[in-house]
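The lines below spell out each chain.
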Amino acid sequence: MATPVLDKVEAESAASPYITVTFRIRRFNPEISDEAIWEDFRIDIDPKERVLDGLHKIKWDLDGSLTFRRSCAHGICGSDAMRINGKNRLACKTLIKDINPEKPITVEPIKGLTVLKDLVVDMEPFFQAYRDVMPFLITEGNEPTRERLQSPEDRERFDDTTKCILCAACTSSCPVFWNDGQYFGPAAIVNAHRFIFDSRDEAGEQRLEILNDRDGVWRCRTTFNCTDACPRGIEVTKAIQEVKRALITRRF
Amino acid sequence: MKIHKYDTVIVGAGGAGMRAAIESTKRSRTAVLTKLYPTRSHTGAAQGGMAAALANVEEDNWEWHTFDTIKGGDYLVDQDAAEILAKEAIDAVLDLEKMGLPFGRTPKGEIDQRRFGGHSRNHGEAPVRRACYSGDRTGHMILQTLYQNCIKEGVEFFNEFYVLDQLIVEEDGVKKSAGVVAYELATGEIHVFQAKAVIYASGGTGKFFKVTSNAHTLTGDGQAACYRRGIPLEDMEFFQFHPTGIWRMGILLTEGARGEGGILRNKDGERFMEKYAPVMKDLASRDVVSRSIYTEIREGRGCGPEGDHVYLDLTHLPPEQLDAKLPDITEFARTYLGIEPYTDPIPIQPTAHYAMGGIPTNVQGEVLADNSTVVPGLYAAGEVACVSVHGANRLGTNSLLDINVFGKRSGIAAAEYSAKADYVELPENPAELVVEQVERLRNSTGNERVADIRKELQETMDANVMVFRTEQTIKSAVEKIAELRARYKNVSIQDKGKRFNTDLLEAIELGNLLDLAEVMAVSALARKESRGGHYREDYPNRDDVNFMRHTMAYREVGDDGSDSVRLDYKPVVTTRYQPMERKY
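Top line first, the protein sequences correspond to chains W and V. Numbering of the first sequence is given in UniProt numbering, commencing with residue 1 and proceeding in unit increments. Numbering of the second sequence is given in UniProt numbering, commencing with residue 1 and proceeding in unit increments.
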């Protein structure tokens, strides 16, 4: 006998309260036109499903050319950051019921990065800023035979900023970044923080100098957009403030 | 078409690919081709830990770890490989720590360790704390740390390059790897990478199931590319179903939840695992726990109005412990189910999780063309490969270990090979197959749709070759897959463009899944016994006389161009552990 669960699951979803929602999606395909347009799609969906499920329904049932990135579908890989009803979110962590399905749900690419097609943007400048802060442990002297020791308190000090999945939701929600793509942006600073406050790392001074740059941490205007946007709940603005303070006091 | 030349090409940038890249970039000119940005890889979704007998918190040694791995794999593990895995685990963890990985720490400042399924003290006496972890995002930290070190080493990535073909050339009667052919997603351009050595590290095949913990992108691309070019696939009937996926969605909730004291309960609140595994209880091996869950459900003790799931109960654990040790999975329960794990149990069901089988390799990561012949210049590591360290059922935390140990080994072996080998001359028209495949899909006017065929495939796989299998269910899967493969020939896509054509990509991925599903079902049909993750209700016992052997599946092409699966078998390497009855 086959594993018994699946037919029942099917039956239940068939009985579940599907609602009709409108997705209003910003479309852009330079192979077809230089202009971006809004396009509406109406689909039936269970409000407990994710915006990503809605995008899949559109792609799989209505228009195969709708283009977006996605992979894990549960908020870990960072592929599907997009602007949903005007706010940066991960499509796979946003349930339909939580974003007022009565009105059209608007979906746009994240801002401040060049749109390549539909919801796909050029991530290269974002990753370049990340690489620029030297996001790797730097130590001096001989390596110990066993692990380096680190107290639970020292480990806890930078725990929050290790959660970053590089989705760019924070950086692309930052008004400073929108106006000036040269700014490192919150994500790069978060990842510098992750090493500056790691007791094992010995390149804190170097990283601080990088962020002391004209395009560095002082550009931050503390609007808290980044903290609101982070799908991992990282206190991004707080991390940026800690880096600023470390620059002044040289204590970290 | 562009032609590139590298010493070493790595296909895939998850844990195994990036661990290999760190080694091979130091030793040879290396390119990493990856269909996703490296940090999007599914290694990042692994949660609970990475096993190594560090003995930081209690007595442990690598020999016990070896035994647990072999027993966990129901004795289908190659024991020489398992020894290497357990022995090199210790350095693999220390390597990562030195690269910067922020492991959880003991009060003394050493790497902390937690319990995990199937890992025991002294050959099964009691659970042991062997899993090194970083909260419940160990895989995320491994992926980030390896990517960071790839940046440090200057690894050259080709992001969103999708490898569609493995070039194999016969020289003096020996099959050799000449390179790969890749499709650039951004432009639609086709690239040939000539390389002395190629390492496949492209991950699993879990997307042929419907309820799965796997990412949308885990479509067996590496396995399919090699299989189509005559490389066998080993032990594909062995697939792991993780006991605790979120009900209906399949999102993984780590075994570490049970390692921290979580308990599985049926609708009567009973801790049912005590019946099935009196010693290890909720921490028995995953195949045992998944079968126990479905046994409870089938016997009417499942939860909910449909009786189709059980509960993972964390409510007796202090909220501070959940916040510190299991923050991500408790948030998944809140986000996707609207459940508060402090006070309410979480509905779960087994979810398709991990392919034990794959491209056969030896312990250096060299790919085998048959039971013993190495394909010069071809390597594989991680979930795409079958060494075999996981046998019929992988232990939790052994996959993060596998990618590090065998990623490193294959990276070194491939770079050393390319340092002394010559390029194999490319075939006359190296991109022919890929050009033909892409053009056919782009120009097809057939009336079949990718989404329909994929849905039917996933439904038949879930219904027929999941936790419980019989001759009848597997046969119906084989028939259905044959029908779907025939219909796939008439599949067409709507997006005819060149730029970021993910419509085309999904069609290609579906073709890979169909080929691999066929191999899996045919392999499962022939294995008339129950072992590890392969459970046959019509043959409920393990049969060491007839089936203590690895399955080797080959693609056979008939004169009319039709293809079929031919099965052969390979002996298991046994060193010091004779098969015993498996009890937890």
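It is worth saying that the hints were derived from the structure and are not from the lab. Keep in mind that a hint or two might mislead.
Stated by the list, open to error - With a straight-line cut-off of 25 angstroms between C-alpha atoms, the simulated DSS-like cross-links for lysine-lysine are:
no., chain 1, residue 1, chain 2, residue 2
1, V, Lys420, V, Lys455
2, V, Lys176, W, Lys163
3, V, Lys475, V, Lys583
4, W, Lys48, V, Lys455
5, V, Lys420, V, Lys475
6, V, Lys26, V, Lys420
7, V, Lys5, W, Lys57
8, W, Lys163, V, Lys475
9, V, Lys489, V, Lys528
10, V, Lys420, V, Lys176
11, W, Lys103, W, Lys87
12, V, Lys5, V, Lys528
13, W, Lys57, V, Lys496
14, V, Lys480, V, Lys455
15, W, Lys87, W, Lys48
16, V, Lys26, V, Lys152
17, W, Lys48, V, Lys583
18, W, Lys111, W, Lys87
19, V, Lys87, W, Lys57
20, V, Lys98, V, Lys108
21, V, Lys176, V, Lys2
22, V, Lys267, W, Lys57
23, V, Lys528, V, Lys175
24, V, Lys267, V, Lys5
Values in this document were obtained by computation on a predicted structure and should not be read as measured data.
- prompt: Which earlier hints turn out false for this structure, listed by number in ascending order?
  reply: 1, 2, 3, 5, 7, 8, 9, 12, 17, 19, 22, 23 and 24
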